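Given chain A, put chain B in place with the hints provided.
2 protein chains.
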Amino acid sequence: MKEQEFIKIIKSTLNSPYIGDDCAYLEDLGMVISQDSLVEDIHFKKEFITPYQLGYKTVMVNISDICASGAEPKYITISLSLPKDTDNEFIEQFYKGAKYASKNVEIVGGDITGSDKIYISAAAIGSTKNRKVSSRKNAKAGYKVIVSGEHGNSATGLNLLLKDNHTKGEINNKFIKAHLMPEAQIEFSRRIAENIKEDYAMMDTSDGLADALFQIANASNVIINVDTTKIPHDLEVDMHTVLYGGEDYQLVAAVPENLLQKIFGYTIIGDVEQGSPSVRFDGIILKEPENSLFNHFKE
Amino acid sequence: MKEQEFIKIIKSTLNSPYIGDDCAYLEDLGMVISQDSLVEDIHFKKEFITPYQLGYKTVMVNISDICASGAEPKYITISLSLPKDTDNEFIEQFYKGAKYASKNVEIVGGDITGSDKIYISAAAIGSTKNRKVSSRKNAKAGYKVIVSGEHGNSATGLNLLLKDNHTKGEINNKFIKAHLMPEAQIEFSRRIAENIKEDYAMMDTSDGLADALFQIANASNVIINVDTTKIPHDLEVDMHTVLYGGEDYQLVAAVPENLLQKIFGYTIIGDVEQGSPSVRFDGIILKEPENSLFNHFKE
Chain A
86 MKEQEFIKII KSTLNSPYIG DDCAYLEDLG MVISQDSLVE DIHFKKEFIT PYQLGYKTVM
146 VNISDICASG AEPKYITISL SLPKDTDNEF IEQFYKGAKY ASKNVEIVGG DITGSDKIYI
206 SAAAIGSTKN RKVSSRKNAK AGYKVIVSGE HGNSATGLNL LLKDNHTKGE INNKFIKAHL
266 MPEAQIEFSR RIAENIKEDY AMMDTSDGLA DALFQIANAS NVIINVDTTK IPHDLEVDMH
326 TVLYGGEDYQ LVAAVPENLL QKIFGYTIIG DVEQGSPSVR FDGIILKEPE NSLFNHFKE
Chain B
86 MKEQEFIKII KSTLNSPYIG DDCAYLEDLG MVISQDSLVE DIHFKKEFIT PYQLGYKTVM
146 VNISDICASG AEPKYITISL SLPKDTDNEF IEQFYKGAKY ASKNVEIVGG DITGSDKIYI
206 SAAAIGSTKN RKVSSRKNAK AGYKVIVSGE HGNSATGLNL LLKDNHTKGE INNKFIKAHL
266 MPEAQIEFSR RIAENIKEDY AMMDTSDGLA DALFQIANAS NVIINVDTTK IPHDLEVDMH
326 TVLYGGEDYQ LVAAVPENLL QKIFGYTIIG DVEQGSPSVR FDGIILKEPE NSLFNHFKE
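Protein chains in written order, with the working numbering: chain A, 86 to 384; chain B, 86 to 384.
Where hints are given, some of them may not hold.
Same chains, same names: a pair is fine if it fits in one copy or spans any two.
What the hints assert, rightly or not - SDA-like cross-link-like pairs, simulated, lysine to any residue; straight-line CA separation at most 20 Å:
1. 169 / 188
2. 93 / 169
3. 87 / 303
4. 96 / 172
5. 87 / 178
6. 93 / 199
7. 181 / 217
8. 262 / 235
9. 87 / 174
10. 259 / 283
11. 131 / 198
12. 347 / 300
13. 184 / 105
14. 96 / 198
15. 93 / 181
16. 96 / 306
By construction, these hints were calculated from the structure, which means they are not laboratory data. It should be emphasised that the depicted structure is a prediction, and the values quoted were computed from it without experimental measurement.
Just chain A, same shape as in the assembly (with noise of 0.2 Å):
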């Protein structure tokens, strides 16, 4: 996987604490920040997107970084590099859809450029204040896994629309719209931050479940197990498309059990045991996805 590949020689380059989680904890400023791209054809296709949804996208994809650390999301930038023919109504409706998809984070810069595709980067600010910032090196033995909503959903669009004639921008398929315009969750990732006093570790799941679980059980060197049956999910969907399949944004996160009379808005999957770092689906190790739906190296 030639992306981990690049990450580990950018590691070693740089020799910064800084690099390993979705967004930075950037302590001294009470904030967190992280960046997060779209590109045309590797991520997204003109045909089954509306500049509309392509704008609420990309706020929400980088909303949902910020919750996956606990901060609360603040304020965003966007950096759109457009094609000539581009024209003012893309504009005009990409920033509606980014508005609406920002609600109370305010969209406070960026910059526009030209390219040959488009290609969209956003880094969103979060603030740290009252909040506990989660990393995914703080998963501990005893600790219980929990989700905030079904997985397999966005993936499950992707299919559709890539095989089917949908109309562009279609949403009134409950698939489709998962995966056209994902929902951040922000009240998931509030009430944990909010009311935790120990470590703990979250994600979002845009690269798939399993990939989160891994990352965590690696990060942290703790075996995970899951029981699958417990995953919320669409009966309609296989459960490898619901393990692997990306783009849900819901979030995951391993918890000490005391945290769950607080909250509500969860489901458990699982827990974590000391070990060798792995992930048991059902007593089952599988093998680290090397090639999942979103590895957009691969084509």
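What follows is chain B alone, placed relative to chain A:
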């Protein structure tokens, strides 16, 4: 100028007070943020710049935005979108250059995704602690206009690269070095922002000195008078390139005269007077640049 048209649409769609300066000032968090992108074949050509220099320039360009605000550059995140054939050596050299440029600024994250061409977007964070933040709206009648250094060198370097057969990454020529490895004006910014009490305007000259002067004059609703004979420049560089060539990453500021006894390392090139917004070069009102060397939407 399409970019300006797009920015007008964005402003009216978002109705946000933050859009306008290169950096957004997030007062509640005591910080500024800016985001800037570099796109292959729009902002750079692979045959001219080494991966090391590209990493260096990515960081410097973003630090320069923070310097323009008067804040102290602190953190940076970098998103890279790279073609599939990108090798480990590119990543290592890119980040070595980025690290060299960043000095006391920490590179804290970002992401890597696939793409057809190289697309780089970085977000930079500055701390406003003990600093007065600039705005291009803040130039006032009676203020002096000062610059940090020579203009026109970078554009001259680009022209040399485009015309002649230069070795990739060559920097023994002063102009080519100015183009490939510019230096952000960290000290110039610090001296002003730590010593000034009054509101002031400051911009970097990434899109050219004339462009920055027009932006300040328009946003502040003032006339800026410039004595072109005072603008620091190499004698080999003609005045058109000095005024309209971009990417020098110097700073230009409009500041009250009483500041000047407290700082050093500046050159006075003009002053501000009341009146309908315009820029007068040696008394002549020139038209606002519509098609500068660095208007990336036109080829």
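These are the hints, each one checked on the structure:
1. 169 / 188: neither (30 Å within a copy, 36 Å between copies)
2. 93 / 169: Cα proximity of residue 93 and residue 169: across copies only (17 Å, versus 36 Å in one copy).
3. 87 / 303: For residue 87 and residue 303, only the intra-copy Cα distance (18 Å) is at most 20 Å; the inter-copy one is 48 Å.
4. 96 / 172: between (40 Å within a copy, 16 Å between copies)
5. 87 / 178: between (35 Å within a copy, 16 Å between copies)
6. 93 / 199: between (31 Å within a copy, 17 Å between copies)
7. 181 / 217: Answer is neither: 32 Å inside a copy and 33 Å across each miss the 20 Å cutoff.
8. 262 / 235: within (13 Å within a copy, 54 Å between copies)
9. 87 / 174: between (37 Å within a copy, 13 Å between copies)
10. 259 / 283: The answer is neither: 37 Å in one copy and 56 Å across copies each exceed 20 Å.
11. 131 / 198: both (19 Å within a copy, 18 Å between copies)
12. 347 / 300: Intra 26 Å, inter 53 Å, cutoff 20 Å: neither.
13. 184 / 105: Answer is between: at 17 Å across copies they meet the 20 Å cutoff, but 30 Å inside does not.
14. 96 / 198: between (29 Å within a copy, 17 Å between copies)
15. 93 / 181: between (38 Å within a copy, 14 Å between copies)
16. 96 / 306: within (19 Å within a copy, 48 Å between copies)
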